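Undergrad: Given only the sequences and the hints, what does the whole structure look like? Please build it.
Top line first, the protein sequences correspond to chains D and C. Be aware that the first sequence starts at 81, since it is given in my numbering, and climbs by one per residue. Be aware that the second sequence starts at 81, since it is given in my numbering, and climbs by one per residue.
In case anyone wonders, no lab produced these hints; they're calculated from the structure. Any given hint could turn out to be false.
As the list makes no split between identical chains, a pair holds if one copy fits it or if it spans any two.
Said to hold, decoys possible - Calculated lysine-lysine pairs in the BS3-like style (CA-CA distance at most 25 Å, straight line): (1) Lys93 <-> Lys307; (2) Lys379 <-> Lys93; (3) Lys379 <-> Lys359; (4) Lys379 <-> Lys87; (5) Lys312 <-> Lys93; (6) Lys158 <-> Lys363.
The structure presented is a predicted model; accordingly, all values stated were derived computationally and were not measured.
Number of protein chains: 2
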Amino acid sequence: MNSKWRKLIDDMKAGSVPALARLVSRVENREPGWMEAMRAIFPDTGRARLVGITGSPGAGKSTLTNRIARHLVERGQKVGIIAVDPSSPFSGGAILGDRLRMMDVSDLEGVFVRSMATRGALGGLNQSARDVAKILDAFGKDFVLIETVGVGQDEVEVVKTADIVLVVLVPGQGDAIQAIKAGIMEIADIFVVNKADRDGADEVVRDIEAMLDLDTELGAVPPPIFKTVATKGTGVEALVEETLKMLEAPPRRAEWQEERIRVELIGLVEKELIDMIKKSWTKDGKLDRAVRQVQTQEKDPYSIVQEVLAPLAPLLGRD
Amino acid sequence: MNSKWRKLIDDMKAGSVPALARLVSRVENREPGWMEAMRAIFPDTGRARLVGITGSPGAGKSTLTNRIARHLVERGQKVGIIAVDPSSPFSGGAILGDRLRMMDVSDLEGVFVRSMATRGALGGLNQSARDVAKILDAFGKDFVLIETVGVGQDEVEVVKTADIVLVVLVPGQGDAIQAIKAGIMEIADIFVVNKADRDGADEVVRDIEAMLDLDTELGAVPPPIFKTVATKGTGVEALVEETLKMLEAPPRRAEWQEERIRVELIGLVEKELIDMIKKSWTKDGKLDRAVRQVQTQEKDPYSIVQEVLAPLAPLLGRD
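TA: What follows is the structure in structure tokens.
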């Protein structure tokens with residue numbers, strides 16, 4: 081590892097927030113040497129608790145995440161937030177009147193917020209989020225809150241490997257049904273019915289209970305359901321209490337750990353391979369030439385891809 | 081190509097729906113020889129129009145897609161539907177009372193529906209949808225409707241390469257704002273305000289107009305806005321008229337064609353590489369061993385990935 085990375089890691093470990101931010105950016109951008117950097121910090125990881133917060137767009141996840149962060153900070157915990165959500169004010173940027181929703185956590189001691197753009201990224205989002213979570217872990221965060229919209233395979237994938245997952249639903253959107261169908265119902269450790277001062281909050285609770293009755297195996301403890309009004313802070317303390325209690329014996333840590341490593345290994349290779357192929361294709365206009373060949377119908381895309389992959393096949397053991 | 085693929089393709093081209101369904105499944109499953117099959121049908125593609133239909137969960141996209149399909153069939157068109165949406169009754173399955181929403185298109189002459197599971201799939205969803213669209217194209221469909229939830233990078237990516245994109249919003253969910261933030265506003269050729277019999281429909285129209293005023297370059301024609309009540313069929317005919325009119329000179333065909341080929345080439349390689357690496361890792365317990373090495377802290381994931389990728393690096397021109 082070169083001395084630039086070394087210094088960045090040393091500064092980060094010494095508690096420098098600018099160094100932390102730069103390290104995160106460089107790893108996200110896959111600057112040469114990033115893997116060695118991750119190897120170097122790996123022994124310092126494994127302590128932080130990962131809390132996934134997911135739900136449909138407009139469920140108030142960011143406000144809730146913010147409130148949870150505040151409660152944790154009040155308890156003396158160091159918190160990092162990763163927002164992987166195009167609709168999050170953390171990551172999506174404030175638009176028009178929505179600027180009001182943009183909540184400020186910059187006054188909170190020890191909270192580091194990292195937003196991840198989802199737009200335009202072609203794959204690898206999960207892996208980037210996992211890398212950033214590891215860096216925040218090595219930096220000494222006690223908690224990393226990962227906020228992600230619970231629709232879309234990538235987004236669900238992100239929280240799947242958290243220690244605990246909060247699924248946030250709201251009244252009046254048929255949210256419980258949507259949640260089941262999006263596959264996030266089954267990854268919930270705790271349900272949160274946010275905007276609970278609105279009509280229909282009790283119906284959402286009943287919907288969830290009805291689903292859980294169907295789903296829960298005999299003897300299994302169903303996930304608890306909390307009602308919150310995140311904008312006012314109502315109900316958040318009880319939610320945080322329960323989250324902390326659950327984290328003492330994280331429901332999925334044992335069960336998921338193997339799967340988490342598996343997903344991470346495949347994710348790392350996947351992202352690396354994609355980056356490699358993109359670089360090698362872009363380098364000397366190869367991709368542009370291929371695009372023209374398809375445009376002019378000189379070749380079909382499948383032939384081109386077979387040519388590109390042919391030299392790799394024996395290495396990867398494909399017949 | 082072996083005789084099994086050959087026969088399947090011949091039968092499909094002769095109009096056999098079971099052969100079409102089997103071909104789609106085999107290509108989706110990447111059965112050996114699928115690429116040769118795609119090469120064989122490639123010359124028969126390029127005629128069908130791709131209509132992307134996207135929007136937030138619960139916006140009524142499936143019902144609208146169904147209605148649009150019916151209108152096209154009445155005009156003598158052959159229609160295929162691809163549902164890439166965990167919340168679609170086409171793909172997500174009907175749950176509890178939601179069974180009511182499950183609309184039947186099986187009585188419609190010439191409509192072929194293919195749903196794509198998003199759950200559990202690790203990447204490659206876009207590419208699968210594109211492959212299926214190509215097969216439907218080669219089969220002789222005039223229109224392929226791709227329904228996808230407009231949240232999540234993969235899902236947005238799918239419609240991005242359609243000839244025309246309908247963005248479906250509904251009253252009362254802050255949908256216009258969510259749409260902008262999810263990046264689907266800018267890919268809309270037509271806006272549809274569905275459930276327009278609900279309170280707030282005019283506000284959504286005004287919100288969209290306000291955004292368009294900000295966005296539209298001088299002289300550019302802003303996308304039209306249609307109000308529909310898909311459950312009753314209200315407004316769908318006018319929407320279909322406009323869609324057909326626009327497709328005569330597809331707004332994005334010229335502009336996007338190059339980008340579409342580029343995305344497709346990278347997508348194909350990406351999915352193939354992932355499949356190759358997964359197969360090669362799973363084959364003789366290599367991945368399991370790697371997982372154990374990380375679990376027992378014998379190795380860190382980054383070292384393992386570097387070892388796996390090392391032989392590929394020179395081929396891909398990475399330093």
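Undergrad: Since the copies are identical, ignore which copy is meant and state whether Lys312 and Lys93 lie within 25 Å (CA to CA) inside a copy, between copies, both or neither.
TA: neither (36 Å within a copy, 62 Å between copies)
Undergrad: 25 Å Cα cut-off: does Lys158 pair with Lys363 within a copy, between copies, both or neither?
TA: Cα proximity of Lys158 and Lys363: none, with 43 Å in one copy and 42 Å across.
Undergrad: Which holds for Lys379 with Lys359 at a C-alpha limit of 25 Å: within a copy, between copies, both or neither?
TA: For Lys379 and Lys359, the Cα distance is within 25 Å only inside one copy (22 Å; across copies 28 Å).
Undergrad: Using 25 Å as the alpha-carbon threshold, which applies to Lys379 and Lys87: within, between, both, or neither?
TA: between (49 Å within a copy, 24 Å between copies)
Undergrad: At most 25 Å between C-alpha atoms: does Lys93 with Lys307 qualify within a copy, between copies, both, or neither?
TA: Cα proximity of Lys93 and Lys307: none, with 38 Å in one copy and 56 Å across.
Undergrad: Between copies, within a copy, both or neither: which fits Lys379 and Lys93 at Cα up to 25 Å?
TA: between (53 Å within a copy, 22 Å between copies)
This entry does not satisfy hints 1, 5 and 6, going by the numbered hints stated previously.
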